[in-house]
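**Student:** What follows is the residue order along each chain.
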Amino acid sequence: MHPVEVADLTVAYHEKPAIWDVDFHAPAGVLLAIVGPNGAGKTTLLKAILGLIQPSAGTVTIFGKPARKQMHRLAYVPQRGSVDWDFPTTVLDVVTMGLYGKLGWFRRPGKKEKQLAMLSLEKVGMAEFASRQISQLSGGQQQRVFLARALVQDADLYLMDEPFIGVDAVTEKAIVELLRELRSRGKTVVVVHHDVQTLKHYFDWVLLLNVRKIALGPAQKVLTTRNLQKTYGGRAAFLNGNA
Amino acid sequence: MLDYTLLLVLSGCLVLGAVAGTLGSFAVLRKQSLLGDAISHAALPGVAIAFLLTFSKHPAVLLLGALATGWVGTLFILLITRTTRIKHDTAMGIVLSVFFGLGLFLLTLIQRLPTASKAGLDKFLFGNASTLLRQDLQVMLALGGLTLLFVLLFWKEFKLLAFDPDFLHSLGRNTLTLDVFLTTLLVVAIVIGLQAVGVVLMSALVIAPAVAARQWTDHLGRMVALAAFFGGLGGVLGAVASSSLTNLPTGPAIVVIISLMFLASLLFSPHRGLAKDWIRQRKHRKEIHANQVLVALFMLSKSHGSRYYRHSLTSLQAVTPGSAEAGLEALKKRGLVSGSASGWKLTPKGAQEAEQAAKHIYGEAP
Chain L
1 MHPVEVADLT VAYHEKPAIW DVDFHAPAGV LLAIVGPNGA GKTTLLKAIL GLIQPSAGTV
61 TIFGKPARKQ MHRLAYVPQR GSVDWDFPTT VLDVVTMGLY GKLGWFRRPG KKEKQLAMLS
121 LEKVGMAEFA SRQISQLSGG QQQRVFLARA LVQDADLYLM DEPFIGVDAV TEKAIVELLR
181 ELRSRGKTVV VVHHDVQTLK HYFDWVLLLN VRKIALGPAQ KVLTTRNLQK TYGGRAAFLN
241 GNA
Chain B
1 MLDYTLLLVL SGCLVLGAVA GTLGSFAVLR KQSLLGDAIS HAALPGVAIA FLLTFSKHPA
61 VLLLGALATG WVGTLFILLI TRTTRIKHDT AMGIVLSVFF GLGLFLLTLI QRLPTASKAG
121 LDKFLFGNAS TLLRQDLQVM LALGGLTLLF VLLFWKEFKL LAFDPDFLHS LGRNTLTLDV
181 FLTTLLVVAI VIGLQAVGVV LMSALVIAPA VAARQWTDHL GRMVALAAFF GGLGGVLGAV
241 ASSSLTNLPT GPAIVVIISL MFLASLLFSP HRGLAKDWIR QRKHRKEIHA NQVLVALFML
301 SKSHGSRYYR HSLTSLQAVT PGSAEAGLEA LKKRGLVSGS ASGWKLTPKG AQEAEQAAKH
361 IYGEAP
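Line by line, the protein sequences give chains L and B.
Counting in the working numbering, the first sequence runs from 1 upward without gaps.
Counting in the working numbering, the second sequence runs from 1 upward without gaps.
The set of hints was computed from the structure by calculation and includes no laboratory data.
Mixed in with the good hints, there may be bad ones.
[Claimed, not checked] Which residues of chain L face chain B? A few of them, derived with a C-beta cut under 10 Å, are: (1) 70; (2) 71; (3) 109.
[What the hints assert, rightly or not] Covered stretches of chain B, going by a simulated chain L footprint (3 or more residues, C-beta under 8 Å): (4) 126-134; (5) 211-219; (6) 334-343.
In this text, all values refer to a predicted model and were calculated from it rather than measured experimentally.
Using N, Cα and C, we set each Cβ at its ideal position, and we do this for glycine too.
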């Protein structure tokens with residue numbers, strides 16, 4: 001029973017398939033990166049797992065059951081650019097949103113929820129920004145807030161869409177630390193990633209994707225020149241030295 | 001003492017303004033401002049159809065009709081955007097014009113019917129609060145109260161739906177259902193205002209209070225409360241204005257007053273106001289200009305071999321953009337230059353600052 005398992009998944013926008021017949025699973029307790037060129041269907045795959053996009057074919061199971069029934073066991077970190085950061089709310093309030101699922105209908109977040117959110121903010125080094133309006137955050141700070149919101153959910157499976165995009169080196173390091181901490185607690189983390197150079201350092205498992213699945217497995221085994229060339233086409237030439 | 005009719009009208013406008021402001025806040029934050037316009041126009045044929053089916057002008061009947069077509073119009077927009085490649089704004093445009101056209105067509109038909117009770121439906125175009133009756137107010141209070149209650153009950157969900165719907169989905173909530181629910185509440189909020197404000201201008205009462213409120217606060221709860229207040233106040237003042245001027249329809253009166261509130265908020269709110277931006281920019285520009293004059297004075301003195309060489313205003317004006325005199329006066333106030341009409345020179349403090357500024361501009365040792 002894998003944390004996430006995808007079978008024969010095909011997603012098409014109008015006629016063009018975005019992902020085609022993809023099978024993949026993430027074993028428990030790994031940091032898994034979904035990697036591929038622009039338009040490879042990385043985000044689409046993540047959204048299909050979440051049920052945000054209806055697949056044309058295929059199934060998604062999370063811990064052995066249909067994804068729809070297992071949402072309480074996962075935490076999602078959307079792309080930072082997917083929301084309007086001018087929304088009238090504070091950092092602490094955004095993090096508290098991670099607890100709305102547990103709170104259930106009609107109940108308002110109280111003292112306990114605020115405390116949990118504060119703890120989560122401390123973990124990402126943002127405690128001092130708790131009462132700040134979210135429009136006054138830098139890109140890296142926005143990303144940390146989103147991570148804190150996922151951490152407070154205390155899920156078993158984390159799905160993150162490009163958490164490293166547009167953040168500075170310090171934040172990138174802090175995020176990697178967080179991912180490792182999650183792994184050490186037995187959580188499974190699936191991350192859409194774009195930087196081939198850092199793959200081996202950050203992740204244990206890799207899914208190489210370019211509309212179709214190219215390869216899946218432990219990073220050391222999967223990241224061969226041949227696989228990367230298959231994923232990136234001719235553009236992989238410059239990667240040979242490092243990959 | 002207020003007379004009964006006026007009190008009735010005022011309460012009605014208060015309720016419809018407050019409800020429109022509340023739901024409008026969510027519409028504005030979800031970037032659906034124009035949806036309100038489409039909905040209100042789409043409600044017009046509903047009024048006509050309800051009348052044609054029942055020949056009754058009871059508000060419950062007419063509003064039910066408005067609710068039905070307003071909702072169907074919204075559904076059409078959703079359907080068009082989801083199943084075709086037509087974009088959201090185009091879909092709204094189509095629904096707005098088609099439904100409004102149909103509504104006008106039906107209203108014209110009704111005018112030609114030989115029944116006695118036909119008159120008065122045209123108030124749904126531009127609104128007429130003075131015709132509000134006790135039963136109208138009852139319907140408005142019931143529907144408006146219910147709408148506000150639902151907003152309070154589903155506050156968390158609606159907030160997240162507006163801020164990050166994908167995340168709301170990931171919490172296991174059905175976002176499509178919640179979306180339809182919130183939009184339905186918006187339809188209700190619009191429909192209860194139609195008789196008093198009219199389909200043509202109702203969207204202003206949805207958008208303007210919310211945008212005005214956003215200017216004053218960065219807190220969603222306070223924004224919604226303030227929008228409700230602005231909407232209610234605008235409704236009441238508009239009703240008063242329209243009742244004291246003969247032949248002024250209520251809709252335009254309310255819209256003009258709400259627009260004034262919006263304009264004042266846009267200009268004078270403490271954090272996001274344009275006036276504050278403008279003052280800050282002007283101060284900044286003045287400082288930069290003064291600095292330019294300071295550096296010009298410094299460079300000119302250097303070429304004369306003495307830091308404290310006295311220059312005439314004309315020679316300084318030749319090397320500075322804008323008014324050299326204004327800049328010099330500002331510098332004099334800061335104690336950086338001394339002089340008068342006879343000529344200007346740097347003070348020691350001024351020379352020091354000028355040297356630093358020059359280094360900043362020209363790099364090391366100019």
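**Student:** All hints are to be evaluated individually against the structure, with a verdict given for each.
**Tutor:** Against the structure, the hints:
Interface hint at residue 70 (chain L): satisfied, since its Cβ lies 9 Å from the closest Cβ of chain B, which is below the 10 Å cut-off. At a threshold of 10 Å, the smallest CB-CB gap from residue 71 (chain L) to chain B is about 3 Å, leaving the interface hint in force. About 8 Å separates the beta-carbon of residue 109 (chain L) from the nearest beta-carbon of chain B, less than 10 Å, and the hint is met. Chain L is given as covering the segment 126-134 of chain B, and this is violated because 0 residues of the stretch bring a CB closer than 8 Å to a CB of that chain, at least three being needed.
Under a criterion of three residues with beta carbons nearer than 8 Å to beta carbons of chain L, the stated coverage of the segment 211-219 of chain B is upheld, 4 such residues being counted. Counting residues of the segment 334-343 of chain B whose beta-carbon sits less than 8 Å from any beta-carbon of chain L gives 0, not enough to reach three: the coverage restraint is violated.
Against the hints set out earlier in the document, violations occur for numbers 4, 6.
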